[in-house]
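Chemist: Chains as they are written, first to last, in numbering that gives the first Met the number 0: chain L, 0 to 267; chain Z, 0 to 267; chain H, 0 to 304; chain V, 0 to 304.
In case anyone wonders, no lab produced these hints; they're calculated from the structure. Keep in mind that the hints are not guaranteed to be accurate.
[To be verified] Restricting the straight-line Cα-Cα distance to at most 27 Å, the calculated cross-link-like pairs of lysine-lysine (DSSO-like) are:
1) H/Lys177 to L/Lys249
2) Z/Lys248 to V/Lys151
3) H/Lys154 to H/Lys204
4) V/Lys204 to Z/Lys266
5) L/Lys127 to L/Lys81
6) V/Lys204 to H/Lys14
7) H/Lys277 to V/Lys204
8) Z/Lys81 to V/Lys204
[Said to hold, decoys possible] Quick look at which bits of chain V chain H covers, simulated, 3 or more residues with Cβ under 8 Å:
9) 21–34
10) 65–74
11) 87–93
12) 225–238
13) 250–258
[Said to hold, decoys possible] Chain L is faced by these chain H residues, among others (derived, beta-carbon under 8 Å):
14) Leu24
15) Arg49
16) Glu53
17) Pro58
18) Ser74
19) Ala105
20) Gly117
21) Gly211
22) Tyr269
23) Gly291
24) Asp304
Just so you know, these numbers come straight off a predicted model, no measurement behind them. All C-beta atoms, glycine included, are put in the ideal place defined by N, C-alpha and C.
The lines below spell out each chain.
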Amino acid sequence: MTTAQRSERPRMLVIEKITAEAKDTSSFWFTGDLKAKPGQFVMLWIPGTGLKPFGVSYQDDGRFAVTVRKIGTFTEKLFGMKAGDRLGVQGPYGRGFSGKGGRIVLVGGGYGAAPLSFLADELVREGKEVFFINGAATKDHVLYRERFKGGKVHMIYSTDDGSLGHRGFCTDCLTGLLSKHKIGRVFCCGPEMMLRKAFEICLEKDIPAEFSLERHLKCGFGVCGSCCLDGTGWRVCREGPVFALDDMKKIAEFGQYKRDASGRVVKI
Amino acid sequence: MTTAQRSERPRMLVIEKITAEAKDTSSFWFTGDLKAKPGQFVMLWIPGTGLKPFGVSYQDDGRFAVTVRKIGTFTEKLFGMKAGDRLGVQGPYGRGFSGKGGRIVLVGGGYGAAPLSFLADELVREGKEVFFINGAATKDHVLYRERFKGGKVHMIYSTDDGSLGHRGFCTDCLTGLLSKHKIGRVFCCGPEMMLRKAFEICLEKDIPAEFSLERHLKCGFGVCGSCCLDGTGWRVCREGPVFALDDMKKIAEFGQYKRDASGRVVKI
Amino acid sequence: MSPDLSVNICKIKMKNPLVLASGILGVTKASLKHVAGNGAGAVTIKSVSRERREGHNPPIILTEGEVMMNAVGYSNPGLAGAKKEFSGLDEIPVPVIASIIGEDAAQFGYMARNFLTGEFSAVEIPLSCPHTPGFGILGGHGTPEATRDITKAVKRHAKMPVIVKLSANVQAIGEVAKAAEKAGADAINVTNAIGPGMVIDVRAKRPVLGFGFGGLSGPPIRPVAVRCVYDVYESVRIPVIGTGGVTTGEAAAEMLMAGASAVGVGSGVYYRGIDVFKKISDELLGFMREEGYSGIKDMVGIVHD
Amino acid sequence: MSPDLSVNICKIKMKNPLVLASGILGVTKASLKHVAGNGAGAVTIKSVSRERREGHNPPIILTEGEVMMNAVGYSNPGLAGAKKEFSGLDEIPVPVIASIIGEDAAQFGYMARNFLTGEFSAVEIPLSCPHTPGFGILGGHGTPEATRDITKAVKRHAKMPVIVKLSANVQAIGEVAKAAEKAGADAINVTNAIGPGMVIDVRAKRPVLGFGFGGLSGPPIRPVAVRCVYDVYESVRIPVIGTGGVTTGEAAAEMLMAGASAVGVGSGVYYRGIDVFKKISDELLGFMREEGYSGIKDMVGIVHD
Ligand SMILES: Cc1cc2nc3c(=O)[nH]c(=O)nc-3n(C[C@H](O)[C@H](O)[C@H](O)COP(=O)(O)OP(=O)(O)OC[C@H]3O[C@@H](n4cnc5c(N)ncnc54)[C@H](O)[C@@H]3O)c2cc1C
Ligand SMILES: Cc1cc2nc3c(=O)[nH]c(=O)nc-3n(C[C@H](O)[C@H](O)[C@H](O)COP(=O)(O)OP(=O)(O)OC[C@H]3O[C@@H](n4cnc5c(N)ncnc54)[C@H](O)[C@@H]3O)c2cc1C
Ligand SMILES: Cc1cc2nc3c(=O)[nH]c(=O)nc-3n(C[C@H](O)[C@H](O)[C@H](O)COP(=O)(O)O)c2cc1C
Ligand SMILES: Cc1cc2nc3c(=O)[nH]c(=O)nc-3n(C[C@H](O)[C@H](O)[C@H](O)COP(=O)(O)O)c2cc1C
Ligand code: FES
Ligand code: FES
């Protein structure tokens, strides 16, 4: 009586190409029909090293990519690989962005721009007006500067040091946009402090919004319990990673703390 | 990569009614969409007693029946049951009759008439001309005397003692029919000696024919090997129970011997 | 009258016989509450050890068709962290069962003394994990002797029912169950994940699980779990919790008929979603109505009659 | 050049590594020939005992989703009948492996002396059936001591390679394999059906199998079999036949990589039809071509590197 299930294990896929996106950040391309929705993620497996979640950043015509920031053990190993090498890919997992709303604002910080850029592609395809606030530490860290040159997405840059666009928090640009335009919905992905700021802004202005959360994921498909959120018990990998504003209100730990690989609480 | 399979185990079904067909022979009716083809069989399970194969003898509008002759341990237990009791049903299994051919002759001996009567129903539905040679020990043992009264099937009776119709072998009637009419195909089911005679007649006259064989079946779905035939190794439960004339030529043991529950060879 | 799903096993009162198995979710209090809200009759926390453990390197879980395999390696925040995590349990509307582990009887006793609070309805001691060095099967806890010693150590300190969780991997499961009963166990839970097994990626030429091998769970292990429940029911008089591969109401009924008084559900959370508890309850109720059972007890062990 | 599927394990020359497992078909010579014609590299007869046996009362086999369960109970025509049945084996175009059983070392020895003819390419001794009183696991044949004694008894009389067939149910499978190797075994086959398990019909309130419980086979046991092969490969130097749940070319490759030199196929006959051997061979060939393997040996045990 149980329905036949796909197997939840990595498939080894050849890395088609690796394209540099910014300082310490590259996109890894694969051939294959992933059928992901923007905001969903895949688990990448480096045999012998580990398994980690990454948002889907490109998808069309039987190709897809993830955009990865070199941070620690796993990602360093990843950056040591080259086109032609194989990598395990599992998923897609999670619930993505709804894509609802008319005129839309995307707020991405760091590699948080990755899933939003895939969303931007889809929204443009649907003919929607899209503002993309793309924040990073410095100009060198800004992702996708070439990607949306066509002009169909209004790119707004923000850097910590002001080397490109606005200087300071990218959420300042959100406040600015919301006061100038009638916005249907805001989609956010990035460091939790940024998400928290965006959340407060949208809450105050009563604008529909969705947020992609990051927690320690081990399995990715809702079994191990390592990604559960206080307040609701929701799993980031299953009920998330994207949550609507009203749901975010119920997530007690949002902006406060998360859990590590052992389940121990750590401050954010 | 294996396709999702149905489970090969009995489903408990309520006996809707039990109708007497002849001396020591009754039909057991069930509600359910069996989707059997004429010539296929089901395995009946009496919990605590055993599991045995029986040909499907009726099927329409979400009902079906098997017709059982009381012979030994299992069938005696079966005859002790009443409408409303439950019985395990598994299947349908095996390859049935092709139903091919224009003007058709059915040759049934004893409860061998059971699967042929289901075939007769189907052939009549297709508008074919059907002769049904129905052989039994005595008039009291003849099955389905009421069933085909509508007249669409030409019934020809044969009994060992002549108490109904022809006296002697029912295969005599086959010889008679074949010399009178142009027959497209002959379908036979019954005691192996009868099958052997019918086989020789059809072989000699070069008439297409199909024969339903009985061997000791244990599993019914092609795994245990108890029903394998010498000459070819075919499984009665899977490649059979119905075999075409040309295939019958290759079955070395046909009319000679069979195997018991242990696999030991026993004479027929 | 609608059939009654409630059960009362060794003083644990449950509105239905379905218990969230240890290690599926259950890492946090909030997660237990989420599961309770989805219809579980009781919930078990993920097993806790004295020291904090990160567990095995991912992949820690995979599925291969209907089989689930895991080698989580008992990741948990350790005694101190878990004590904070699992306080204020009255927020959870169903009984909460603790699960504690150690490498020997002394460590189990230590955990019983220092971790258990009156907020738990019972404590479970898994002597049966197939893939964590030092613990369960790999810690030699599957023998009748170790079972006796560990059960005694926990009984000495636990002021609540003690459930001993066994493994189908043990040869004479009846003997092990008897050892637990003799040492004072209040209930037996069978089975933990079985096997263990290994899945190799033929392109990577490596086992998929980070630990190499792991225990099997999910629908295909149900026949093994049912047989264990049957055997244990024949061997002891204390109640049995039947765990392994239950995903449907009929499968739960099968466990009960084999001799279980309550039914553990783990992998079912994956196979049918987190509301698997509601689904199974509804199906079980439907089955009982059809077949004329008025309560769970009417089914327990009837295959043995 | 097309990859080479042939293997040569302890003098058994096979055109591909796929062996029909004992007890799936194989009751008659004609049946073995039918299987050989469908692409098997070698075939094993259904196990034969001295006395004729009717086996357990049907149902003797069931499937529950992807799991197959059986309690056939070693039905066979006995020494005399089987000797007639399995003569003139040159009709079968591939090596034929005998399978003999007894209740103790003496009976095994008797069968080796009186049943084996030069027409067999090897003999297999299953010490591992999980559901037949007096035999295999229930006969106490799963210990290192019994394994040693029985293997020695058969070696004394068999003028052909002796394959010892083990069970995943045994705890320290490496130790049992070592005992077999030390006693002179030429190869190890793992695994027999595992568990055992029980499936209950909740409406009949009875186990479905006539014997009550039975051994599990089919795709879900593959991870367990692969792990056993992995463990045995680490323990002994004689070749291993990996059996359990193989139904695809990739699954066969997985067995080889875990350490098997040949691959048993039983339940696959049901799951993919009797031409499962052809299908697996073709898929294996395709896999080897894609991945650049020129022969089977290149894959054997590479996970251990
Ligand atoms: C749903 C989801 C989607 C994700 N999508 C992406 C993506 O599209 N691109 C991407 O590059 N990463 C993404 N990540 C993060 C990614 O999974 C890894 O956590 C990250 O790459 C670090 O892995 P590592 O092993 O290289 O670093 P580790 O060795 O694990 O850590 C190195 C150091 O970095 C810190 N660190 C670890 N993880 C993070 C983090 N997420 N953010 C900041 N610091 C961290 C650690 O505390 C540690 O000190 C996503 C995570 C989640 C949960
Ligand atoms: C494919 C197939 C289809 C079948 N279809 C039908 C059917 O539609 N109706 C039906 O009544 N039976 C049918 N049978 C036969 C049935 O399966 C049983 O074998 C039969 O009913 C005897 O069962 P028992 O346990 O009552 O007798 P048993 O206790 O097994 O046998 C009692 C005595 O009868 C003899 N006997 C056993 N089986 C037969 C037999 N088949 N013919 C003659 N003598 C036998 C035995 O040698 C024994 O001496 C079919 C068999 C097969 C293989
Ligand atoms: C991912 C995962 C983690 C588990 N962790 C534990 C654990 O920490 N303690 C424990 O006693 N059992 C643990 N188990 C075993 C389960 O509690 C349960 O006994 C087993 O999975 C069989 O039941 P199921 O088929 O319903 O999942 C774990 C199982 C899985 C799948
Ligand atoms: C119906 C059936 C009968 C079996 N009979 C025997 C037997 O007689 N002797 C034996 O050694 N193994 C026997 N086995 C075990 C198989 O040979 C094999 O080891 C097991 O089924 C696992 O492989 P599989 O998953 O490919 O079927 C039997 C298995 C089945 C399913
Ligand atoms: S990562 Fe395992 S439950 Fe979310
Ligand atoms: S009855 Fe088992 S193979 Fe035909």
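Chemist: Now tell me if each hint is right for this structure.
Modeler: Structure-based check of all given hints:
1. H/Lys177 to L/Lys249: 47 Å, violated
2. Z/Lys248 to V/Lys151: Violated: Z/Lys248 and V/Lys151 sit about 47 Å apart, past 27 Å.
3. H/Lys154 to H/Lys204: At roughly 46 Å apart (the allowed maximum being 27 Å), H/Lys204 and H/Lys154 break the hint.
4. V/Lys204 to Z/Lys266: 39 Å, violated
5. L/Lys127 to L/Lys81: 36 Å, violated
6. V/Lys204 to H/Lys14: Status holds; Cα separation ~24 Å.
7. H/Lys277 to V/Lys204: With Cα atoms ~24 Å apart, H/Lys277 and V/Lys204 stay inside 27 Å; holds.
8. Z/Lys81 to V/Lys204: 19 Å, holds
9. 21–34: With 0 residues close enough to chain H, the hint is violated.
10. 65–74: With 3 residues in contact (Cβ-Cβ under 8 Å with chain H), the coverage given for the segment 65–74 of chain V holds.
11. 87–93: Violated: only 0 residues of the segment 87–93 of chain V have a Cβ under 8 Å from chain H.
12. 225–238: Contact hint for the segment 225–238 of chain V vs chain H: holds, 3 residues under 8 Å.
13. 250–258: holds (count 4)
14. Leu24: 4 Å, holds
15. Arg49: 13 Å, violated
16. Glu53: With Cβ-Cβ at 4 Å, under 8 Å, it holds.
17. Pro58: 5 Å, holds
18. Ser74: 5 Å, holds
19. Ala105: For H/Ala105, the interface hint is violated, since the closest Cβ of chain L sits about 23 Å away, which is over 8 Å.
20. Gly117: Constraint on H/Gly117 not satisfied, violated at 23 Å.
21. Gly211: 11 Å, violated
22. Tyr269: For H/Tyr269, the interface hint holds, since the closest Cβ of chain L sits about 5 Å away, which is under 8 Å.
23. Gly291: 22 Å, violated
24. Asp304: Result: violated, 26 Å to nearest chain L Cβ.
This entry does not satisfy hints 1, 2, 3, 4, 5, 9, 11, 15, 19, 20, 21, 23, 24, going by the numbered hints stated previously.
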